[in-house]
Structure formats: C-alpha cells, structure tokens
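Novice: What follows is the residue order along each chain.
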Amino acid sequence: MKKDLARYGISFTAMLLLWWLASITVDFVLSGPQSSILPNPVKAFSTLINHWGAIWPNFVRSAARLVISLIAAIFVGATAGLIIGFEEKISRFASPILYLIYPVPKIVFLPVILILFGLGDISRIIFIFLVAVFQVAISARDAAKNISPQWIKAVRSSGGNKLQIYRHVVIPATLPSVLSSARISIGMGIAALYLAELSYTNVGLGYYINNSWKVFAYSDVFAGILAFATLGLGLYVVVEALERGLCKWNYLDK
Amino acid sequence: MIEISGLSVEYESDSTSEKVISGLNLSLNKGDSLGIIGPNGCGKTTLLHTIAGLHENYSGLLRVDTTEEKIALILQDIGLLPWKTIWKNATLGLDLGLQGNRDGVEDLLYELDLYSYRNSFPSQLSGGQKRKLGLARALAVDPEILLMDEPFVSLDEFTRESLQEKVLKLWQDRNLTMTLVTHDIEEVAFLGRNIAVLSQAPASVKTCIENKNMGTSGFRRSEEFYRVVKRTRKELP
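Residue numbers (the working numbering), protein chains in the order written: chain U, 132 to 385; chain E, 21 to 257.
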C-alpha cells in the first residue's frame, strides 16, 4: 500500500513537472493573450480552490448525470452480456447485433435522442448510457463464454437449477470482467458527458469549461478539467474498492 | 444398487454423432464398490456422468436405487468454485437445497485436516487438499452413492496412498455404494471390490474381476493385491 502511494506520488509529481514545462514553453512561444492558454499547475489548482463555489454545482450535476448513466449501463450491459454469453441460442442472434452497433460512434445518435427525449438531463443520461453499455455488455459476454464447464457441472451435479447456476457460477465468475469494463466505461462516460454538456444546458462541468473558453478564462478551463479528473478518480477509487471487496479471491497473496 | 443393461450413449453435434458407450452391462450392490478402468478416451467419464444424471441422452436400462439427491459426483478436475471459501465450497450442495448436516461438514473438514483453512480460497490449497475438499463437498450431502472420476490424479504417490486410505475408511464407515473411474491399476485394485475393465471406445465391459479381499487390513502389501494388479493389467486392451 505504501509502495502504491509512493508510486502514485512520483507519477503525480512527474505529471505536474511536465505540465509546468509545457506551460513555460507555450508562454515563451506565444505572445499576447494567447500566451496564457496553458496556465501552470499552481494557477489551475488555485483557480479550482478559489472558484470552487461556482464549480461545485456544475460538478454535482455532472457527477449525477455520469453516475446514473454508468449504474444503468453496468446493470443493463452486464445482465444482457451474461445472458448472451451463456445462452448459446440467444447468442447466435444477439451477438451479431452487438457487434454491428458496438463500433458505431454513439455521437451520431445524439440528435435523435435530443428529438425523442428533449433537451433535458434524460437525453444526456441516455447518450452516456449508450456509450458505456456496449463496452460492459461485450466484456460480460466474453467472460460468460469462457466459464469453465466443470464449475457448471459441479453445481448441476449438486442439484443446482438454472437460476442457481447463474447465482453461484455465472455472476461471480464474470464479476471481475464486469468491474474491469466498468472502469473503462468511466473514461468513455466522462468523454461522452463533456460532449453532452456542450450545448442546450447551462450547468455541468462540460458547460463550465466551454463557457470559460469563450471568455478566454483559461485558468477556469483547467480548473474545470481538474474537476473532471477528480470526478473520474473518485469513481475509479469506488470501482477499485468494489473489486477488492467483491472479488477477494482475485487479490490473494499466493 | 446400480443396474446397467445395454447402455449406449451418443454425442451429437450439428452434423455428426459419435457413439461413446455401446451396449454396456454392469451391476453393483448397495454398499459395494466398483472400480472402472480402461484405455484413454474409452468413455469412462461419460459412463460416470450418465450414472450421475448429467447425460439424459442415452438408451438402454439404467436403474439407480436412490434419488438423484443422494448421488454425489467428484469431477475429474474437482470443479471447485474459486470465488467461494473452503467452507462455502464444502457446503455447496446444502446451499443448493440438498439435505445434509452442517455440523457433519465441520466434522468432515476436521477429519480431512481442512478445518483450519475453512475461510481460505481454493487457490490457497495444495493439490492434495483440493482433492480432499472435493471429497468433503461430495460427502457433505450424506450421499448413498459416491461416484469419483480420477479422484487422485496428478498427486504424488504418498499423498495418493494416504487419500486412498481415507476414502476406504469413509466408504467402510458410511456404508456407501462407491464407483471409481481411474487410470491407476493399483488404485482400482485397492478401492474396487469389483473391477470392470472397459474395452476401447465405444466402451463396453471387457472383463469383470472380483476382488473380495479388498479393504482387509494389510491388503496393499498382500500377495492377493499383486495378483489382482497383475490380472487387471493383463486384461487391459
């Protein structure tokens, strides 16, 4: 644990140093108001702290949009993926559909979603949900396909029925993969959240960053980016804690 | 009692079908033990799984004088669930609704030297301990019939013999009807009061050898034991 913290500390310091160096370089190369386009870390962090009162409502709204979307995506994606992966007959029909839709950039659906569900939060949540759900579904499907037949035989030969096979084998066996895909979905979800908050809203970190760009408040832009990073980091920590708590067998000292 | 007459099993895929067992006859009395031995891929595991009720696609007569809940099967690779603790693996059958006594499982884990590991996970056990856990899980549901598929494969000689002794004792103490599939001639001679030598696939019984002194004290070092080993080896195809 101490080693982990030390490693994180070194990485964080290295990142700040590189950021600082980039900021000095940009300041040196560009002139006029553009020279402050990349503020140094101290400026960005102090803006984050000083403007926290203004950033906080945007942070809360963005966090709510993201968390609701991701929980729905993990629940729906994992359930669908497990069934598609485990039930051969369903897989034959559903897998091609999954592969057909998965590579399509979901941004193309945004106008349709906005028309169907309006300009409010529901549309944004549906959009982020769509971006994340296929990732989770495909990971869960692949994990369910690779379940050892011996585990299923063990439950069946002890009198287990289909539901009990799901409860005692399919769900626990695929949980590590589902949580891994949840972690990937956080990054994808934040990217989608930013896009979804660029227009038709006046609250959210995406709006805050975009609005700060328009008024050349570069320190606020980076304060918003740091707030996004904090949100992502918080969610990663939660997923990691869930993984350690629910998948103890994967974290044993062998 | 287990009675099998004219049993045939076929595996069917989309376009082909393969006969794995053909016209097999066997019978085993209550409380008796049967060792099944035969060449690789001859259908031994399929036979055991069919008796356990895992294959419904068979023809012929298969009569097992007990309910399905009273048949316990130890799989070739044991099939321990890595996410469950030793205790939860041992009580799997009970958690799935089968009859049994949790205090009895505790005693069983003590008897098999696994009790101190009850909160550990299978990956923390040695090969021999995993095999013991498979045995504990099978016996936790108080079975009348115990089916074992290569129960001590890939263990060192010392551990294998000590586990064979344990199984023999449990069989004698619990009045189990026991069927064991193995590649090991000495194992089949030590644990099988009846030895069925199977033919090449599709499997049928080539010879049945009676081994009535099995289970008597000092049997492993007796002349009779070596006679049975020699005869079994001779009968193998």
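Because the hints were derived from the structure by calculation, they are not lab data.
Incorrect hints may appear among the rest.
Dumping the calculated SDA-like pairs for lysine to any residue here, alpha-carbon to alpha-carbon at most 20 Å [as the list claims (entries may be wrong)]: (1) E:K108 <-> U:L306; (2) E:K104 <-> U:V369; (3) U:K379 <-> U:V369; (4) U:K379 <-> E:D133; (5) U:K284 <-> E:V249; (6) U:K284 <-> E:E32; (7) E:K150 <-> U:A348; (8) U:K293 <-> E:V249; (9) E:K232 <-> E:P257; (10) U:K284 <-> E:K150; (11) U:K174 <-> U:C378; (12) U:K293 <-> U:N277; (13) E:K90 <-> U:N277.
Part of the chain E face toward chain U, derived, beta carbon under 7 Å [unchecked claim]: (14) V84; (15) L95; (16) L112.
Remember, predicted model here, so these are calculated numbers, not experimental data.
No residue lacks a Cβ here, since even glycine has one placed at the ideal position from N, Cα and C.
Novice: Take the hints in turn and mark each one as holding or not.
Specialist: Quick rundown of the hints versus the structure:
1. With a C-alpha separation of about 18 Å, the suggested pair E:K108 and U:L306 falls inside the 20 Å cut-off, and the hint holds.
2. Distance hint between E:K104 and U:V369 is unfulfilled; the C-alpha atoms sit about 23 Å from each other, more than 20 Å.
3. With a C-alpha separation of about 15 Å, the suggested pairing of U:K379 with U:V369 holds against the 20 Å cut-off.
4. Among the hinted pairs, U:K379 with E:D133 is inconsistent with the structure: their alpha-carbon atoms are about 24 Å apart, more than 20 Å.
5. Using a Cα cut-off of 20 Å, the hinted pair U:K284 and E:V249 is violated, with the two alpha carbons roughly 32 Å apart.
6. For the suggested pair U:K284 and E:E32, the alpha carbons sit about 19 Å apart, so the restraint of at most 20 Å is met.
7. For the given pair, E:K150 sits about 64 Å from U:A348 by alpha-carbon distance, which is inconsistent with the 20 Å threshold.
8. For a cut-off of 20 Å, the pair hint linking U:K293 to E:V249 is broken: about 43 Å separates their Cα positions.
9. Taking the CA atoms of E:K232 and E:P257, the gap is near 23 Å; set against the 20 Å cutoff, the hint is violated.
10. A C-alpha spacing of about 17 Å is found between U:K284 and E:K150, which places the hinted pair at or below 20 Å, so the restraint holds.
11. A distance of roughly 41 Å separates the Cα atoms of U:K174 and U:C378; the hinted pair therefore is violated under the 20 Å criterion.
12. About 17 Å separates the Cα atoms of U:K293 and U:N277, which keeps this hinted pair within 20 Å; it holds.
13. Taken as a hint, the E:K90 and U:N277 pair is broken in the structure, with Cα atoms around 30 Å apart against an allowance of 20 Å.
14. Proximity of E:V84 to chain U is violated relative to the hint, the smallest CB-CB distance being about 14 Å (cut-off 7 Å).
15. Annotation: interface hint on E:L95 holds; nearest CB of chain U at approximately 6 Å, less than 7 Å.
16. The closest approach between the C-beta of E:L112 and any C-beta of chain U is roughly 5 Å, which is under the 7 Å cut-off, so the hint is satisfied.
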